[in-house]
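*Asks:* Chain by chain, the residues:
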Amino acid sequence: MKTARSPNPQTHRRKRRKVSLREILIMSIETLWNNKLRTALTMLGVIIGISSVIMITSIGQGVQQQTGAQISALGTNVMVVQAGAARRGGVSQGAGSASTLTWEDARAIAKQVPDAKAVTAFLQRGSIQVVRGNINISTTLLGTDLNYPSIKNIQPQAGLFFTQADLDSGRPVAFIGSTVRDELFRTGESTIGADLRIQGKRYTVVGVAESKGLSGGQDLDDAIYIPLTNMSSQIVGNNALTGVSINGFWLEAADGDQLNAAQFQVTNILRLRHGIKAGDVDDFRITNFVDIMSTFTTVMGSLTLMVGAIAGISLLVGGIGIANIMLVSVMERTREIGIRKAVGATSGSILSQFLTEAILISVVGGVIGVGLGVALAFAVATIFKFPFVVPLWSIGTGFGLSLIVGVLAGGIPARNAAKLNPISALRSD
Amino acid sequence: MATMIWMEGITQTFHLEGMDLPVLKQIDLSIDDGEYVAIMGASGSGKSTLMNIIGCLDRPTSGLYILDGSDLTTLDDDELADIRNQYIGFVFQQFNLLPRLSALENVMLPMIYAAVPKSARVTAATEALTKVGLLDRLKSRPSQLSGGQQQRVAIARALVNHPALVLADEPTGALDSKTSQEIMNLLTELNQQGTTIAIVTHDASVAAQTKRTIHMVDGKIVEAANGSVQPSANNLRPDAAIV
Chain X
1 MKTARSPNPQ THRRKRRKVS LREILIMSIE TLWNNKLRTA LTMLGVIIGI
51 SSVIMITSIG QGVQQQTGAQ ISALGTNVMV VQAGAARRGG VSQGAGSAST
101 LTWEDARAIA KQVPDAKAVT AFLQRGSIQV VRGNINISTT LLGTDLNYPS
151 IKNIQPQAGL FFTQADLDSG RPVAFIGSTV RDELFRTGES TIGADLRIQG
201 KRYTVVGVAE SKGLSGGQDL DDAIYIPLTN MSSQIVGNNA LTGVSINGFW
251 LEAADGDQLN AAQFQVTNIL RLRHGIKAGD VDDFRITNFV DIMSTFTTVM
301 GSLTLMVGAI AGISLLVGGI GIANIMLVSV MERTREIGIR KAVGATSGSI
351 LSQFLTEAIL ISVVGGVIGV GLGVALAFAV ATIFKFPFVV PLWSIGTGFG
401 LSLIVGVLAG GIPARNAAKL NPISALRSD
Chain Z
430 MATMIWMEGI TQTFHLEGMD LPVLKQIDLS IDDGEYVAIM GASGSGKSTL
480 MNIIGCLDRP TSGLYILDGS DLTTLDDDEL ADIRNQYIGF VFQQFNLLPR
530 LSALENVMLP MIYAAVPKSA RVTAATEALT KVGLLDRLKS RPSQLSGGQQ
580 QRVAIARALV NHPALVLADE PTGALDSKTS QEIMNLLTEL NQQGTTIAIV
630 THDASVAAQT KRTIHMVDGK IVEAANGSVQ PSANNLRPDA AIV
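Protein chains in written order, with my numbering: chain X, 1 to 429; chain Z, 430 to 672.
Looking at chain Z on its own, in the form it has when it is part of the complex (with noise of 0.2 Å):
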């Protein structure tokens, strides 16, 4: 199985008044294409900032990121938004739908920053409504529907450029216990089909419906459950490219 995420000695330090605040410590980490997987920690962990920089949003201080066979340390502002834009679909606890697009629209707009052309924007982002059970709220506004309707759109939107991983930040946390699980069904689906996917969360009935969960503490993976080791299992680091 091909890793899709390599990391090596990864940290991250903050600068506060002067303090250097390290966020993360050292962080070695390994997804492989098609895994299913939690990071879960508390509150300052560090896990956010982890998947910032999994999700190419943020940079590391130091260490080496290898996504997909692409080392990222070296890439310049321009050509993280390209890795965000072909590479990863995101999915936020705030959903971030622009307000004033309709559903359709919202899912077509990392395609249009991918150059598609319009006709086949529209083709892919119906289909990927589809996916996540929206077809008929095509032209609904965010504020039409209800919060599992709009994360379900921004699930359609996160896999409409079929990315090679999807982040998923706190994806539950702005919904009720049943709109949750529906949410956490249709990851899961997602997954079964093929889509490597991370979610960052800090509750374990959801990391527990994963395959594999990273506990996080002060900074550190301290263990990773699900009977994976660190790194991955294959042990290797991807051949890739180090430029």
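With the rest of the complex left out, here is chain X (with noise of 0.2 Å):
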């Protein structure tokens, strides 16, 4: 009448089987097959936590990139001094506005003060209108030397910058931005040579300037270079018995140590010159890069704190909401505990069992949050032209940490779940 079974207790002992790895993995599949909804909310948490976390840090990153290459792009070895700051009824006129400046002042600083390297004056209006054939565009003209490329870092993509020769003689020619190029003109036409007609007048191409691309919403492009001689004459048609008007200059010193020294002597020179008594306010102002690079470092220091403080709570808020549907997903299988453990389940296979689904569920949901991520970050820095730079850190943390909350949230509940009474487990709803 009895079977095989045995009658013996070591006999258990020795007959246990553990459920192979395997089994339990393809039974975690199953599960979280079976229950897609939960399976997908639950994956949800873990990918809207990874995805915040790398698109805030890529977009966070990608910001400060800009700002640093815009601020460098300015120089950091240069000042503008630029004519104005004259003061009517105490009511400031601006940079620029007024027309104290002079080449002849832009020339004397280059001679007379020792920290300079080089020196650029400039005479620039805005919204000029240029006439090619039938197109009609509207163009910022600036006026200035033969000194203003490398300053200003400007390289001709085709052609050459205007010479010495058109300068003194203040010959019609232009070297043009990229963008006015292709307003002007079709792809691949020659530009060279060809004849615009600026406020009427006929001016000759000489060359086109390789693109400086954005900066501050400024496209950097969108001008046309002729010599300050033809500007002030042309143009501007405000030949001072002082001299030629300028809007300002640019001095490029050695390095940015000595820009202090050359913005004192600038100084000095300048009140010397336009007779200004001590006391008097000065008739210029002059703008020191150096000086902006260091506030623009401070800004970028709290920009980065400000980028890892956003990407810290949205890892905090990432890893609640993991954990806290973790959570509730092992609490509302208790019963389900139960009946495992009451056909035979040990408190070890039931662990493995909802450890390998959380970690599962953490590592697809990690996937999928880091491509969302990155492919969130990418849109967003084209869309608001930004460079995409996505830190390698942010993907580690972001998977790391999702891993890391994914197994405690999942498994520290499973552990007491499987530690349960089976009777217990079996009681609840």
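Some hints could be false.
[Stated by the list, open to error] Okay, the calculated beta carbon distance ranges per label pair:
| hint | chain 1 | residue 1 | chain 2 | residue 2 | range |
| --- | --- | --- | --- | --- | --- |
| 1 | Z | Asp449 | X | Asn421 | 12 to 20 Å |
| 2 | Z | Leu493 | X | Gly348 | 23 to 31 Å |
| 3 | Z | Met448 | X | Ala40 | 42 to 50 Å |
| 4 | Z | Thr552 | X | Arg415 | 31 to 39 Å |
| 5 | X | Gly348 | Z | Glu446 | 45 to 53 Å |
| 6 | X | Asn421 | Z | Thr503 | 15 to 23 Å |
[Unchecked claim] As a list, the in silico DSBU-like pairs of lysine-lysine whose alpha-carbon atoms are at most 35 Å apart:
| hint | chain 1 | residue 1 | chain 2 | residue 2 |
| --- | --- | --- | --- | --- |
| 7 | Z | Lys649 | X | Lys18 |
| 8 | X | Lys36 | Z | Lys547 |
| 9 | Z | Lys568 | X | Lys18 |
| 10 | Z | Lys568 | X | Lys36 |
| 11 | X | Lys111 | X | Lys212 |
[To be verified] Short, incomplete list of chain Z residues facing chain X, as computed with Cβ under 10 Å:
| hint | residue |
| --- | --- |
| 12 | Gly484 |
| 13 | Leu486 |
| 14 | Asp507 |
| 15 | Asn514 |
| 16 | Phe521 |
| 17 | Leu530 |
| 18 | Pro539 |
| 19 | Ile541 |
| 20 | Lys547 |
Please keep in mind that the hints were generated in silico from the structure rather than gathered at the bench.
Where a beta carbon is used, it is the ideal one built from N, C-alpha and C, also for glycine.
Mind assembling these two chains? They're in different frames, but the hints should get you there.
*Replies:* Next up, the structure:
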């Protein structure tokens, strides 16, 4: 009557069979697949957590890089002196608005300031009408001298900048920015030697500048450079008795350290030349880019801090999300744990299954979250035109955190549930 | 006839808010291999607690319990899980099927924990479901089955590891009378094929269909009906091994 069952307690211990890891993995996958909604919701917590961390850090880094690039594009060893700060009735007229600076001032500075490596004067007007054939555009016209390309780091991509001879005789020649070229010329059309009409006067194109891109929302390529002499006589038309009026000049020092000395010397020479008495205000304004740089460095520091704080918060929120849904998911499965234990599951196999599920959810959700975060960051960078950078640490941190949180939040309640007396687990609803 | 269950001086005391609450008081019980037993009693009589101890879902506070020749008193949690897996099949009032699994998958569950390979699981589970008349519902989920059918799935699950003992806790409690009778007929049939079955119930008509009824009142066995005496007929403690 009796079957071949063991009558001896010792044999139970020997007979014990362990559920293989493969079996646990299959069971976990089946459970996740059979509970698609719960799996999807849990995974969503992981996905949102990781993708927000990656997206926010990527955007933060992109903006930082762009800001940094813009600042260094301005030059770290240059300053600009602009006419103005003249006050009438206590109202500042704004830099560059008063014609207090002349080309002679700029040339005197170049000669007399020992720390000035190079000086370039400029006279500019915005919204100048430029016509070629039947195309009519409005752009910025800038009259300058031959030092401008080197100080402002402008390279020709076709032709050359105008020459000393052009400057000396005030010839109507134009070196155009790439945006102007794109607006006036068809792709592949020859630009050098072509004629433009600037405010009704004929100019010949001698070169096209390499693109400089956007800076602070301003298109640096939307400009035409002509000889300062020509600008002064033909476009602005104010041949002052005192000389050629300019908006200002750029000064390049050998390096950033000499800029403050140069600023001091420039101030003294200009006050002397303009006959400004002690106690009276300057009729010019100096912007020193070393000062600006250090301000921006401080701003960038706060920006980095802010990005870090936001990333930290989204990590926290993501982590809480994952923890929450894992906890709820295990709680509602207490009865399932009871059933599995009643049919012979050990605490270990229950725990292995729940841990495997938590790891699967964290890993799969993590991969999707990384993909989504990178894609979103790319989209935002493309739309708002800043560099697309994904810091590797953000992927690592996001992924690692979701795994740790997932395993802890899935594992700890699962361990507690697995330790429950099967009776209590079965009674739960 | 061999002894399946041998219990001596089993007590179970719960601790509630600092109070000792004795639920089982010195239970002596023996059930032989192939028996068909009902454990009857009012609510609170301790019959469910006794069933939990017989089923290794819970441990007694004291006493000796030998199941199919194995002393269970000294086993740890994992060893008890093995005993449940290999020696005992459960049938619950509320069926306790996993809702997301098909009938076949539910029946295969105990075999997963017995580390039976998949092909053998499918064969054995199909066989068990055929035995309870559900060959055509292998792929159905519990929600797609009637209460009677769900209980049949539960019975198939209880049988699939060829347990020494099937324990049924109010197996007809959630079913109408016609379906209840079908389930009882199935259990009776299984017992005739040699399975030892113990049913916990408060329903006298259910108990009447078994071959022996054990009455419990206030944590004690008061009377063994159907002519059996306590302890069981052979009156010998199985010589198994007390570790």
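*Asks:* List, from low to high, the hint numbers that the structure doesn't satisfy.
*Replies:* The structure breaks hints 5, 7; every other hint is satisfied.
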